[in-house]
Amino acid sequence: MKILIVDDDDFALELLGSALSGAGYTDVTAASSGEEALGAVAHTDTPFDIFLLDIQMPGMDGIELCARLRKMAQYASTPIIMITAMQERRFIDQAFAAGAMDYVNKPFDPIELGVRISLAARLSNQAKKVDAYATEAASLKARTGMGAAFGVDEPIALRDVPRVISMTAMENYLLRLTYWMAIKSQSVVFSIPGFREIHARIDPSDAYDILSDTAAAITVGFKHTDHLVTYVGNGQFVVVVSGKNTVIGPETLWSIEANLEQDPPLLSSGEECPIRLVMGEVFSPGIWSAPNRLNLLLRPLDADLSPAGSGAEERARIW
1 MKILIVDDDD
11 FALELLGSAL
21 SGAGYTDVTA
31 ASSGEEALGA
41 VAHTDTPFDI
51 FLLDIQMPGM
61 DGIELCARLR
71 KMAQYASTPI
81 IMITAMQERR
91 FIDQAFAAGA
101 MDYVNKPFDP
111 IELGVRISLA
121 ARLSNQAKKV
131 DAYATEAASL
141 KARTGMGAAF
151 GVDEPIALRD
161 VPRVISMTAM
171 ENYLLRLTYW
181 MAIKSQSVVF
191 SIPGFREIHA
201 RIDPSDAYDI
211 LSDTAAAITV
221 GFKHTDHLVT
231 YVGNGQFVVV
241 VSGKNTVIGP
251 ETLWSIEANL
261 EQDPPLLSSG
271 EECPIRLVMG
281 EVFSPGIWSA
291 PNRLNLLLRP
301 LDADLSPAGS
311 GAEERARIW
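1 is the number of the first residue of the sequence shown in the UniProt record's numbering; add one for each residue after it.
If you are wondering where the hints come from, they were derived from the structure by calculation, not from laboratory data. No residue lacks a Cβ here, since even glycine has one placed at the ideal position from N, Cα and C. Treat the hints with care, since some could be wrong.
Computed cross-link-like contacts, DSS-like style, restricted to lysine-lysine with a CA-CA straight-line distance of at most 27 Å [claimed, not checked]:
| no. | residue 1 | residue 2 |
| --- | --- | --- |
| 1 | K184 | K244 |
| 2 | K223 | K71 |
| 3 | K184 | K106 |
| 4 | K184 | K223 |
| 5 | K106 | K223 |
| 6 | K71 | K2 |
| 7 | K244 | K223 |
Estimated spans, in silico, between C-beta atoms of each pair [as the list claims (entries may be wrong)]:
| no. | residue 1 | residue 2 | range |
| --- | --- | --- | --- |
| 8 | W180 | G151 | 32 to 42 Å |
| 9 | G249 | M72 | 49 to 59 Å |
| 10 | A149 | W180 | 10 to 20 Å |
| 11 | A73 | R276 | 51 to 61 Å |
| 12 | E271 | T26 | 49 to 59 Å |
| 13 | A149 | S269 | 13 to 23 Å |
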């Protein structure tokens with residue numbers, strides 16, 4: 001694994017290098033600023049497999065650097081881990097929204113860091129396979145007009161949609177929250193009714209575009225909030241919102257539907273594909289459920305999202 005670590009603190013770089021070496025990772029490049037890191041990326045002969053970025057640096061901070069790396073096609077899915085002493089929620093939210101896969105607090109435990117790097121290494125290998133598959137799929141699409149298939153239940157990553165993160169990143173994000181951060185959060189699921197049938201009928205690239213456009217509409221519907229969105233498969237999206245004061249109700253759904261109605265997904269045939277949505281009940285952790293941070297992801301999925309489900313007619317306008 002080729003790793004790039006970025007921190008303006010020389011002592012922190014030394015500690016990170018020692019921890020990585022102790023975990024068996026010796027192909028490590030160090031940079032003391034975002035600008036130096038971009039220079040290392042530009043001049044490397046072989047791409048980096050993992051990035052470890054400090055958030056608070058003079059000039060270009062780690063969040064901006066993370067966002068810039070994500071805009072590079074070569075690093076669109078490369079694992080990025082943020083390492084920082086800053087524990088305020090806004091920094092955690094910004095880091096994951098910029099594309100971070102994980103977040104480790106300083107002072108870090110070398111053993112924990114080694115475990116997280118090991119996980120990132122596995123994800124890096126998976127990402128390489130996915131990218132190779134995507135290249136093959138693009139070639140197939142160009143030759144035959146048909147994209148490569150993905151399973152209807154597969155929680156695929158939707159790239160290039162602001163504040164939409166992979167399911168793995170969402171799990172890591174929730175596990176980084178403190179008890180009080182979790183108890184001040186709320187979450188809700190949005191579902192495309194009949195997506196299984198839609199997925200079976202159309203080209204996979206069209207199915208991906210439908211999901212991507214729907215995710216984009218959801219983020220616009222929550223644009224005045226601190227939120228993150230993840231796709232969990234089978235046409236379902238979970239939104240996690242920071243703050244109990246944000247009202248999530250029928251107006252939220254209507255706003256999202258209005259965005260989709262104004263700019264509906266287009267199939268490769270040029271035909272518009274109107275999308276309808278069902279919204280589940282809002283989940284707000286209590287004192288007993290907040291300790292399990294993943295409840296913010298899992299509990300909304302327990303809702304009955306069928307149009308005939310309890311309260312569904314009141315929560316959703318199906319068109």
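Status of each hint after checking the structure:
no., hint, verdict
1, K184 <-> K244, "5 Å, holds"
2, K223 <-> K71, "21 Å, holds"
3, K184 <-> K106, "24 Å, holds"
4, K184 <-> K223, "18 Å, holds"
5, K106 <-> K223, "31 Å, violated"
6, K71 <-> K2, "20 Å, holds"
7, K244 <-> K223, "16 Å, holds"
8, W180 <-> G151: 32 to 42 Å, "37 Å, holds"
9, G249 <-> M72: 49 to 59 Å, "39 Å, violated"
10, A149 <-> W180: 10 to 20 Å, "43 Å, violated"
11, A73 <-> R276: 51 to 61 Å, "33 Å, violated"
12, E271 <-> T26: 49 to 59 Å, "54 Å, holds"
13, A149 <-> S269: 13 to 23 Å, "18 Å, holds"
The structure does not agree with the numbered hints 5, 9, 10, 11 stated previously, though it agrees with the rest.
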